Amino acid sequence: MRLLHNYHYIGAMVLFCIGLYTVIVRRNIIKKLIGLNIMETSVFFFYISLGYLDGGIAPIRTGGADPSRMVNPIPQALILTGIVVAVSVTALALSLVILLYRQYGTLDVDHLMRDETAQDSGVGEEEATQ
Amino acid sequence: MKKLLSLLFISALGILLLYVVANMPPMGDPGAPTRERVIPRYLEEAEEETNTTNVITGIILNYRGYDTMGEVTVIFCALACVLAVLGREKRGRIYAFVDRSTTPSSVIVKTMVRFLVPLIILFSVYTIMHGEISPGGGFQGGAIVGASMIIFSTIFGLWEASERIPQKLRAPLEGSACITFFLVGVLGLIGGGNFLTYAWPRISSSLQPAVVTWLTVLVEIGIGLGGAMVFISILFSMSREEEEIAPAA
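Each protein sequence line maps, in turn, to chains A and B.
Position one of the first sequence corresponds to residue 1 (this note's numbering), numbered consecutively onward.
Position one of the second sequence corresponds to residue 131 (this note's numbering), numbered consecutively onward.
In case anyone wonders, no lab produced these hints; they're calculated from the structure.
Please read all numbers here as calculations on a predicted model, not as lab measurements.
Just so you know, not all the hints are guaranteed correct.
[What the hints assert, rightly or not] Within a straight-line C-alpha distance of at most 30 Å, the following computed DSS-like cross-link-like pairs (lysine-lysine) qualify:
id: 1; chain 1: B; residue 1: K133; chain 2: A; residue 2: K32
id: 2; chain 1: A; residue 1: K31; chain 2: B; residue 2: K132
id: 3; chain 1: B; residue 1: K240; chain 2: B; residue 2: K298
id: 4; chain 1: A; residue 1: K31; chain 2: B; residue 2: K133
id: 5; chain 1: A; residue 1: K32; chain 2: B; residue 2: K132
[What the hints assert, rightly or not] Calculated from the model, a selection of chain B residues having no Cβ within reach of chain A, i.e. all distances over 10 Å:
id: 6; residue: I238
id: 7; residue: V239
id: 8; residue: K240
id: 9; residue: I285
id: 10; residue: C308
id: 11; residue: G321
id: 12; residue: N324
id: 13; residue: A329
id: 14; residue: W344
Glycine residues also receive a C-beta, built at the ideal position from the N, C-alpha and C atoms.
Turn these sequences into a full structure, and let the hints guide you.
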């Protein structure tokens with residue numbers, strides 16, 4: 001029953017699927033971004049649980065802690081980097097969303113696409129009349 | 131229709147991932163392939179080599195210093211992009227959301243926030259300075275400072291918040307993480323080693339551990355300060371609200 005023993009990985013998988021579903025189906029851009037963040041979190045969760053050790057201790061060498069019982073430090077260091085990059089991506093995406101909202105007054109993707117096509121066709125008509 | 135299609139696609143992906151998970155080595159196994167080569171060496175020798183008790187800090191700042199330098203540059207680039215898109219907050223035209231709402235925040239909330247924010251910042255200083263001997267570090271401390279400013283600007287509005295941490299103070303400090311990293315790297319070159327060598331070969335070996343410790347602390351402070359200022363600047367430039375661009379729909 002290796003599948004049941006690896007239940008952390010299954011949890012990460014479920015989170016990833018939820019995030020992907022949110023990104024695909026939701027029409028609100030903010031909700032899409034939340035889905036993206038859920039996907040990122042699932043990847044972090046997967047990495048951290050890769051470094052887990054049964055009965056492990058934190059990789060801090062105080063009080064003569066035994067190095068062979070410490071959890072794997074590499075995923076934690078990598079994920080610290082990953083979290084910062086995720087924060088940067090989210091900040092940039094949110095700023096673009098703010099700009100979109102100021103321009104169009106809506107966050108609905110379908111509305112945004114419709115506005116885009118309406119503007120395009122409007123420009124085309126003007127050129128045609130000219 | 132679209133929902134059904136995407137559900138089908140995602141369940142197919144889920145089954146594929148489940149198959150992969152079923153074939154992975156058991157979790158928490160001490161003999162797992164993820165614990166083979168470099169991990170025992172890091173765990174056993176990081177304390178002597180990087181002179182930090184916290185192995186993760188040793189890895190981030192010493193073994194993988196280039197990586198972290200790139201990461202710091204990534205945050206700085208994110209700030210630059212946000213400022214290019216939104217612009218800095220402009221004093222005099224700021225109307226935070228709370229200021230415009232009809233119900234001002236109550237006295238209890240204001241007093242508690244005024245009481246808590248200094249303590250949160252004190253805790254972040256502890257997190258930054260204690261990063262190499264306990265859980266914590268520069269990024270975490272910077273994030274805590276950013277969180278404290280989120281609380282403050284939510285309750286008191288952007289005007290008050292950007293009066294406490296003015297633009298003139300923030301602008302020079304935003305790049306301090308990159309600058310500190312670069313300076314420490316160049317100091318490593320001057321000390322006779324490679325770029326980002328903490329243990330300078332030119333000085334006597336009895337002095338080296340102290341130099342390594344102080345350089346690590348210096349880099350942590352740089353990252354903490356720079357990260358905090360970057361987070362606060364991003365927050366402020368996002369929460370700018372101008373009267374004429376009030377939500378239309």
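*Is it the case that I238(B) keeps its Cβ farther than 10 Å from each residue Cβ in chain A?*
31 Å, holds
*Interface exclusion of G321(B) relative to chain A, criterion Cβ beyond 10 Å*: 25 Å, holds
_Hinted pair K31(A) and K133(B), Cα distance within 30 Å_ = 15 Å, holds
*Check on N324(B) being off the interface with chain A, judged by Cβ distance over 10 Å*: 20 Å, holds
*Determine whether the non-interface label on W344(B) survives the test: each CB of chain A must be over 10 Å from its CB.*
For W344(B), whose nearest Cβ neighbour in chain A is about 19 Å away, the distance exceeds 10 Å, so it holds.
*Does the claim that V239(B) lies outside the interface with chain A hold up, using a Cβ gap greater than 10 Å?*
Correct as stated: the minimum Cβ-Cβ distance to chain A is 26 Å, above 10 Å.
*Take the C-alpha atoms of K240(B) and K298(B), compute the straight-line distance between them, and say whether it is at most 30 Å.*
Holds - the C-alpha atoms of K298(B) and K240(B) are around 26 Å apart, at most 30 Å.
*Proposed proximity, K132(B) with K32(A) (alpha carbon, max 30 Å)*: 16 Å, holds
*Could you grab the alpha-carbon distance between K133(B) and K32(A) and see if it respects the 30 Å cut-off?*
15 Å, holds
*Test the statement that A329(B) is away from the interface with chain A: the closest C-beta pair must be farther apart than 10 Å.*
18 Å, holds
*Compute the least Cβ-Cβ separation between I285(B) and chain A, then decide whether it is above 10 Å.*
Non-interface label on I285(B) holds, nearest chain A Cβ at 21 Å vs cutoff 10 Å.
*Compare the distance between the alpha carbons of K31(A) and K132(B) with 30 Å, and conclude whether the hinted pair is satisfied.*
17 Å, holds
The structure meets every hint from the earlier list without exception.
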